[in-house]
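Chemist: Please build the complex by placing chains B and C on the supplied structure of chain A, with the hints as guidance.
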Amino acid sequence: MIVRQSNFRVSLIAAMSCAVVATALFGCNSRVSLGPVADAHSVADIRTAFGGAEQAAAAGSGGAAIGTGWATIKGHFVFDGTPPKMSPYAVTKDQATCAPGGKIPLQETLLIDGSGGIKNIAVYLREASRVNDSAQPKGGEVVFDQKSCMFLSHVIGATVGQTLDIKNSDDVGHNTNIVGKNQFNQIIPAGNSVPLKLQKEEATPAAVTCSIHPWMSAYLLPRANGYFAVTAADGSFEIQNVPAGEKLDFQVWHESAAGAGGALVITTPEAKALEWSNKGRFSVTLQPDEVKEIKVTVPASAFRGLRG
Amino acid sequence: MKLFSTTYCVMVVGVAAALAGCGRPAPPTFRLDMTKIVANQIIPKHQQAIADILGAMFGTPDEPYALPETGLDVRKLKMAAGPVWSDQVGGKHGLYRRQCAHCHGINGDGRGPTAMILNPYPRDYRSGVFKFKTTYNPNQPSDDDLRTILHNGIPGTAMPSFAVYPPDDVDALQEYVKYLSMRGQMENSLINYVRDELNFNPVTGEGDDLDPAKNEDQRKAIKSMLTDDVVAGWKAANENVIRPEDSKLPSADRPAKEIAASAEKGRELFYGTKANCLKCHGPTALGDGQQDDYDNWSKATKKFEDETTALSASIKTLMESMASQQGDELEASRNDLKAKRKELAEREEVIAQLLPPRNAIPRNLREGVFRGGRRPWDIFHRVNQGIAGTPMPGTGPASAGAQGTLSEEEMWNIVDYVRSVAFEPASRPQMKPIEMDAIVK
Amino acid sequence: MNRFWSLVFLMVPVCGVATFVVAPYFQIWFPHDISEHGRVIDQLFMFILWLTGIIFIVTEGALVYFTWKYDGRTNPEPAKFSHGSHTLEVVWTILPAVTLLFIAIYQMNAWADAKMRKPNVPITAEVTGRQFNWDVRYPGPDGELYTPDDIIRTDGQVHLPANEEVLLVIKAADVLHSFFLPNIRMKQDVVPGMEQYMWFKARETGEFDIVCAELCGWGHYKMKGRVTFESREDFDKWLKQKSDEQNAMTIAQTKAE
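These protein sequence lines map, in sequence, to chains A, B and C.
Letter by letter, the first sequence follows residues 0 to 307 of numbering that gives the first Met the number 0.
Letter by letter, the second sequence follows residues 0 to 440 of numbering that gives the first Met the number 0.
Letter by letter, the third sequence follows residues 0 to 256 of numbering that gives the first Met the number 0.
For reference, chain A alone in the conformation it holds in the complex (with noise of 0.2 Å):
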């Protein structure tokens, strides 16, 4: 009788290592990659929370100051490093248009001047309290042209409710391809144009493209208020009226940029002065008739796939 014991035991040991071994083996396991599941608990207070009637306007909400008065900001961003050689874009079909006289254009991701100025960086306010009546949104026609197979303005911003007036100045048709809020993709017939008025305002640029010439690229920011600019060739933007007295948050995005969905992040000492976050932005507060002039120099361990 004691013998039989001792034998189960063994046996017991021997079958729960196995049980072990094969459950490590098959089950249990879960990847990270698969991303978290909902909670009970916290869905059940969530869902309570969306289906009861929303409370009194709760006290204390809303409580960032509003200034008056108007100023004005002006930068300049200036790239520090070895600026990248732009490769030639793959073009692959009507030679004739799209790369004149043999001579294939330049690709524009990431474009740097003589003096170091970053072109085609976009930087818009974030959210205005107020909007100067020079930066309402206005209608009128906004021209984005494309002549030899790329767009002539490679970023380029509007305002909601502004007709973006599409142009096709080859002789060669293209579509434009719109992605984001303001979906669009039509048929732009040679030496002809179509309008698209703008509706809905992106958070970030939107990626434009032709379908039929895959290596065209630009990028469409359209904004609910005219506090937008995009650099010049020389690395310089304006952006003029915006609300003084208050914290201004700036973002700035460029399409090579290193940080998520395009933000330039920008960690130098003079980028912390104007508290740069993660996320691209930075924030100022501008006197009344204030002209604030800003300088960034932008490392180039801010742009994707460049030495630090």
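Wrong hints could be hidden among the right ones.
[To be verified] List of simulated lysine-lysine pairs, DSS-like, C-alpha gap at most 25 Å: (1) A:199 to B:130; (2) B:130 to C:221; (3) B:91 to C:223; (4) A:180 to B:315; (5) A:180 to B:35; (6) A:92 to B:301; (7) B:256 to A:196; (8) C:221 to B:91; (9) C:221 to B:77; (10) B:273 to A:92; (11) B:234 to A:180; (12) B:273 to A:146; (13) A:199 to B:234; (14) B:247 to C:221; (15) C:221 to B:256; (16) B:301 to A:84; (17) B:273 to A:166; (18) B:298 to A:92; (19) A:180 to B:302; (20) B:302 to A:84; (21) B:298 to A:199; (22) A:180 to B:130; (23) B:273 to A:196; (24) B:256 to C:241; (25) A:271 to B:337; (26) B:302 to A:92; (27) B:219 to A:180; (28) A:271 to B:339; (29) A:199 to B:273.
These aren't lab readings, by the way, just hints derived from the structure by calculation.
Modeler: Just chains B and C now, with coordinates in the frame of chain A:
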């Protein structure tokens, strides 16, 4: 006897363990779109919050839920959701998992177990973009559009017809597709909200709280995202259906000669620089023109992969530059390297689950197989609005009242030509030899 | 316990026969036959079933009898083995060979009718299997496939005329499929790139199942369809209606409820 008892015990326990595993298989759960989560470096705390909010708004695959704002019929959703079983009178339950999930996935992400072997890949509903519809390009499909797809299937793809199933079942599936789509769109909005509005640090994993149960501002913001970004589009869909102008409509019983004349005009447009069809569909309409573009879904995957490649390149350059660094600078680079390596590992894990991007190949019109349907009506809508989410552009107005590239009459001409091209000899010269040269080049 | 194994073996013929006896009562017997030709197939099936059934019962009976009779515990006498009986070997080679030869010859006509003697009638429709749906193409008024007036249906609902010879072309677009009409007793495997024909005459009108009998692959079970046999008049009317629908310039839109 001793040996017998040991073997016996091991066998019993082993079989029991194998059968039971870690208890009963857990019911399937909705998961997040990790491509977007990782691309935006959303921290685990916010990931959990997003999953919770989505759970509160949409429930689980077994217990679907819909806020009244969505206009979804929860009764239909429950019919389509849940595990597969049949009741005593033969009623079928768990329709989505029975019919759809193995291709379209539990999340409606188009990544079910059989998705990989299909070409084209099953649709990922989560962006709310559907290809074959009668509404304007940016708009969601109407109820009729979804019903048509479920009824006819999509010829030339693995999407079968569900016409033999009871209409109530098909209705329930249609509602469930809308539900999964709304859930996906809401998820996207939430990720954008976290990215744009909340402060967080991907390196330390710390960040603002996201809890709409406690924070009323967040609750309001999220509710308005649901109504404005997600539901509004679906509610407006039925109003955004394009109705061709009656005066331009060719009559159904036109004599063959009239159709031929119209097709001839369409032919000129097809090969001309106004409609530009030949650029993609090719000089013989075999679909052999522009073949190296991607649809939106593949484009997103490709972008993620390209960014990952760039990230691994930047890790390499960072390591090279670290060789000449010292002190604080080196310390900063080390931290940077650590963060980048972590992101790279996450990205590579996500890429392993993605379907490899595939080029969007223009339709070979000579096959006479039209995925969105071959009626003049169907082809008219493709010519008019293009195919949402793909490189195929439209030639009609982008929204009600906007300016189109072609007149409706011209679009009908193209429709007539497209319907006849399968019966046209491929040797018929498309254009003057000089122009042909330009194309071939 | 002595003759336990012989009783176990007895269960094989008993259960086997019982299955066939009760099957019709549980609706797992033949589906209703509506074709002219199906009777022959069913008769062949029944003939072979009876033939093999009787042999099965006899051999099983012998097996049970011998295991019962010569149970080791009640028969102390050891077994004797014989070897090399020429007569026996000839008998058990010739008997099955003759039986199989007989079946092979007996069914030849049925096979030829079903698969070889293609009737000289115009093609009624072309059925194409694709992963995972049956698409149907009718030749339209001109009677020729692949002309502009073809009528194409992808909703898995095939209409065909009853009481007349129907000739179908069966194709596969991608992988192997097997077009199966259980009520017609017809099944045809299709290979991509090959054209197979199927012909039959339905004696009844009504709606019946179409299935894909291809075993391998994950989605063939989903290729459910319905075939509707109707009078020539109704069939022509239906074709006209679908042709009009296909060429209609406007589609009636139902408003969401």
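Chemist: Please list, smallest to largest, the hint numbers that this structure does not respect.
Modeler: Of the numbered hints given earlier, those the structure breaks are 4, 7, 14, 15, 29, listed in rising order.
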